[in-house]
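Q: Chain residues, written in single-letter form:
There are 2 protein chains.
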Amino acid sequence: MSISAKAPKGTRASSITPQQEDFPRWYQDVVSKTELAENGPVRGTMVIRPYGYALWERIQNELDKRIKAAGAQNAYFPLLIPESYLHRESEHVEGFSPELAVVTHGGGKELEEPAVVRPTSETIINAYFAKWIQSYRDLPLLINQWANVVRWELRPRLFLRTTEFLWQEGHTAHASAKEARDYAIKILQTVYEDLMVDVMAVPVITGRKTAKERFPGAEESWTCEGMMRDGKALQMGTSHELGQRFSKMFGTTFQTPDGIETHVWQTSWGVSTRLLGALIMAHGDDYGLRLPPELAPIQAVIVLISPDSSIETAGIQLLQELKGRGCRVEMDSDMHTSYGRRITGWEIKGVPLRIEIGQRELDAGNVTIALRDTGEKQSIPVASASAVAIDALSSMQHRMLEQARSFRDEHTYPATALEDAAAKAIGGKGFATIPWSLVGNKGEEELAKEGLTVRCLVAENGSLPVGIDDDDTLAVIAKAY
Amino acid sequence: MSISAKAPKGTRASSITPQQEDFPRWYQDVVSKTELAENGPVRGTMVIRPYGYALWERIQNELDKRIKAAGAQNAYFPLLIPESYLHRESEHVEGFSPELAVVTHGGGKELEEPAVVRPTSETIINAYFAKWIQSYRDLPLLINQWANVVRWELRPRLFLRTTEFLWQEGHTAHASAKEARDYAIKILQTVYEDLMVDVMAVPVITGRKTAKERFPGAEESWTCEGMMRDGKALQMGTSHELGQRFSKMFGTTFQTPDGIETHVWQTSWGVSTRLLGALIMAHGDDYGLRLPPELAPIQAVIVLISPDSSIETAGIQLLQELKGRGCRVEMDSDMHTSYGRRITGWEIKGVPLRIEIGQRELDAGNVTIALRDTGEKQSIPVASASAVAIDALSSMQHRMLEQARSFRDEHTYPATALEDAAAKAIGGKGFATIPWSLVGNKGEEELAKEGLTVRCLVAENGSLPVGIDDDDTLAVIAKAY
Chain E
45 MSISAKAPKG TRASSITPQQ EDFPRWYQDV VSKTELAENG PVRGTMVIRP
95 YGYALWERIQ NELDKRIKAA GAQNAYFPLL IPESYLHRES EHVEGFSPEL
145 AVVTHGGGKE LEEPAVVRPT SETIINAYFA KWIQSYRDLP LLINQWANVV
195 RWELRPRLFL RTTEFLWQEG HTAHASAKEA RDYAIKILQT VYEDLMVDVM
245 AVPVITGRKT AKERFPGAEE SWTCEGMMRD GKALQMGTSH ELGQRFSKMF
295 GTTFQTPDGI ETHVWQTSWG VSTRLLGALI MAHGDDYGLR LPPELAPIQA
345 VIVLISPDSS IETAGIQLLQ ELKGRGCRVE MDSDMHTSYG RRITGWEIKG
395 VPLRIEIGQR ELDAGNVTIA LRDTGEKQSI PVASASAVAI DALSSMQHRM
445 LEQARSFRDE HTYPATALED AAAKAIGGKG FATIPWSLVG NKGEEELAKE
495 GLTVRCLVAE NGSLPVGIDD DDTLAVIAKA Y
Chain V
45 MSISAKAPKG TRASSITPQQ EDFPRWYQDV VSKTELAENG PVRGTMVIRP
95 YGYALWERIQ NELDKRIKAA GAQNAYFPLL IPESYLHRES EHVEGFSPEL
145 AVVTHGGGKE LEEPAVVRPT SETIINAYFA KWIQSYRDLP LLINQWANVV
195 RWELRPRLFL RTTEFLWQEG HTAHASAKEA RDYAIKILQT VYEDLMVDVM
245 AVPVITGRKT AKERFPGAEE SWTCEGMMRD GKALQMGTSH ELGQRFSKMF
295 GTTFQTPDGI ETHVWQTSWG VSTRLLGALI MAHGDDYGLR LPPELAPIQA
345 VIVLISPDSS IETAGIQLLQ ELKGRGCRVE MDSDMHTSYG RRITGWEIKG
395 VPLRIEIGQR ELDAGNVTIA LRDTGEKQSI PVASASAVAI DALSSMQHRM
445 LEQARSFRDE HTYPATALED AAAKAIGGKG FATIPWSLVG NKGEEELAKE
495 GLTVRCLVAE NGSLPVGIDD DDTLAVIAKA Y
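Note that the protein sequences, when read in sequence, are chains E and V.
Numbered by the working numbering, the letters in the first sequence go through residues 45 to 525 in order.
Numbered by the working numbering, the letters in the second sequence go through residues 45 to 525 in order.
The hints are simulated quantities; they were obtained by calculation from the structure and are not laboratory data.
Hints are supplied without guarantee of correctness; some may be wrong.
Pairwise CB distance ranges, derived in the manner of DEER restraints [claimed, not checked]:
(1) Glu-156(E) - Lys-153(V): 15 to 25 Å
(2) Lys-112(E) - Asp-435(V): 21 to 31 Å
(3) Gln-403(V) - Trp-176(E): 33 to 43 Å
(4) Ser-220(E) - Glu-135(V): 54 to 64 Å
For each residue, glycine too, the CB sits at the ideal point set by N, CA and C.
Sequences are here, hints too, so could you generate the full structure?
A: Given below as structure tokens:
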């Protein structure tokens, strides 16, 4: 990591619109002032700038470890898919057709068959799974790919809805429906939920999508839903049971131990650069980003207040100590920029910890440690600074998760009638929970009129609901991104 | 890493065409039998299978470290580029037009302006550099991206020439021509040459491209050229000085300290999944891949010959020891596959070291260590096996580089006349070197008729030639991929 220590040109925290005044504008301001991303020239596309990409690299790194631990291997399938492939699964093509980018010319000629730029890869991957899988011994086949996808977006918004986005998409084949379900849920919990809660400090609700909200072509979709600081829900990751739909269309079969030719059961699952949107909106405040230490590309910055050599020596010493303790740390010795601008710059970038070294304090053997999450500042002995810093990062991670959890709980309203749920979700700016039996498909249509959706179904005891009509199944209702 | 230990179904080393018999077919056989990659459905595209992708991940990992050490930051620019952008630089569009994939429809409608799928990103990146750079203080701006690109390919060949490939592309802007040149060469040497020589064990020749072979839009192109086992050259990576051509077309300017508005000088540089082709062809033999230990995703495999518990215990012990020493090691305890098939499977995959544990040998306190590069097998005490293995990997890395270097030197022929150079390169299946003053642009045309090209210009003393007309500049002539 070597993100520039310079504050973005002309940035002042006060140039960020307060969240309370206009949340969408606050979001835009943060994305732009922290130089995370900007719009691309083709409608809805996005340029991810170095600091934004550094966040994505951290997410990739953490995800990739967990995906491999879940047994999947990385591979890469082509960007361009023959148009006819998409037409093989009817719900799938219906779902994606309005969003496709189509290549009609290649190498200076019109193509015999147009190719679509992948909006997702179930179809092309099945064409290969069908060749690679012959016997039950070839199962499970667990594949993941890191890729870009294109879905034409009419109302684009950086990170949240972009025409092109980066993601990982997992695709697996199994010998039974139960194995496929178990794997879809394993990914949901041990990969996605674990990343979101433990690294991103976003206390997501995991649950099942209703039929209306399912992935086109899936038999069940499982989801992680986070609450943003404006009370709206953000779907942060989904894991789908595809059943035998794609395997039937592509002839993806295996021989059972008894020699019976059987279609495989499949899953697919993905999270994308949308997670950066979640990170911004779940934790950010009026001073900019607030990054949970586990995720932050820069966990701590040592700010040298003046160019004195004793300060520099102390800074270098602390830098080495913190690096030795595994901390992602940088030193800011930029004397061309004013102290105030430098501090504001690190704040807006959401760097969890700032250690400031000034002459008078150093003469007394102390430095100042400032916590981005609470704004707290404290003078501590320089000798114990690195130990204190490591402890502070660890408690900040915990505190940010608890803060987000309290916020979510305070903005979650149990309801016992549909109108009541809708009113509470809208008026209280948050989630309403209500027995799914009081909603149903008809209720979902009613909610849609108010701009609300059922984000997911959960069991009252917090476990994932298996039977959709179980008595204890609750619907979580909210406005959503 | 968890590549399946199973030998590919039905694989026998003898099913690989010998190199001497038919090198291109040998290549195809290796790519397919080792399950590295296969053709995609859209002409020229490629599916990279898990073992192939694991090789790419190793290369990415090693490259990314070096790129960051050279000061560049990762970012991401859109896949889709407005067609008009490419037309701004005339040589650039002329070079790439025949290879473009064009998106004419998006979101169900014909686009007002077609978008090309990026063949490379100089144009779109300049559109942003022009916004981001204002002052000399913003320079140098050093950006890299990991991305896929599409160049329509009429004679596709897996890894070597594919319609879509994966690569990294670096793009930088500098305050002077000299700084830009220095950086282009820094990348060539400290990133590319270092990776190719030290990790891939391919002793590349670094030099300058002739005007004819330059990147479209570049003022100078620098290259790393490797010799394959058939004596042909493979261009493995290039680094370009773009001068002010793109900056003039996109208005990418900065204010000098004296307040003078000046166009930036730029570089771009890239290596791609083509490196996998180099790896296969620089080291492979009639038994399959041979991977240099530094690069190998699996450096050593412990093969348990029978399912006895003492063997398993010894295997697990050794696995832990090797992991503790930082070795990428796996254990093969697959008793469903015959011993012969398992061994052949690990050989064809090019795993550098095999440690076989059998009952009789183990009873005597020994295991067998087998080296993939030389085929040598040796019985060694189990107690010292992990130490011996680590040493063996290190000397194998060195030996493979030296072997490739000897092969290259034996197939490099000094010549003093153009006809002689051509005859030697063709007859000797290798490189011919000849003073550039005896070739010239006209000589290049002559060579082209024989299927030969000037791969690069080098100084006689091995340093990079600065002036193209220097007396001591040698041309390296070869057939190339």
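Q: Each of the hints needs a verdict: does it hold here or not?
A: Taking the hints in turn, this is what the structure says about them:
no. : hint                                : verdict
1   : Glu-156(E) - Lys-153(V): 15 to 25 Å : holds, 22 Å
2   : Lys-112(E) - Asp-435(V): 21 to 31 Å : holds, 29 Å
3   : Gln-403(V) - Trp-176(E): 33 to 43 Å : holds, 35 Å
4   : Ser-220(E) - Glu-135(V): 54 to 64 Å : holds, 58 Å
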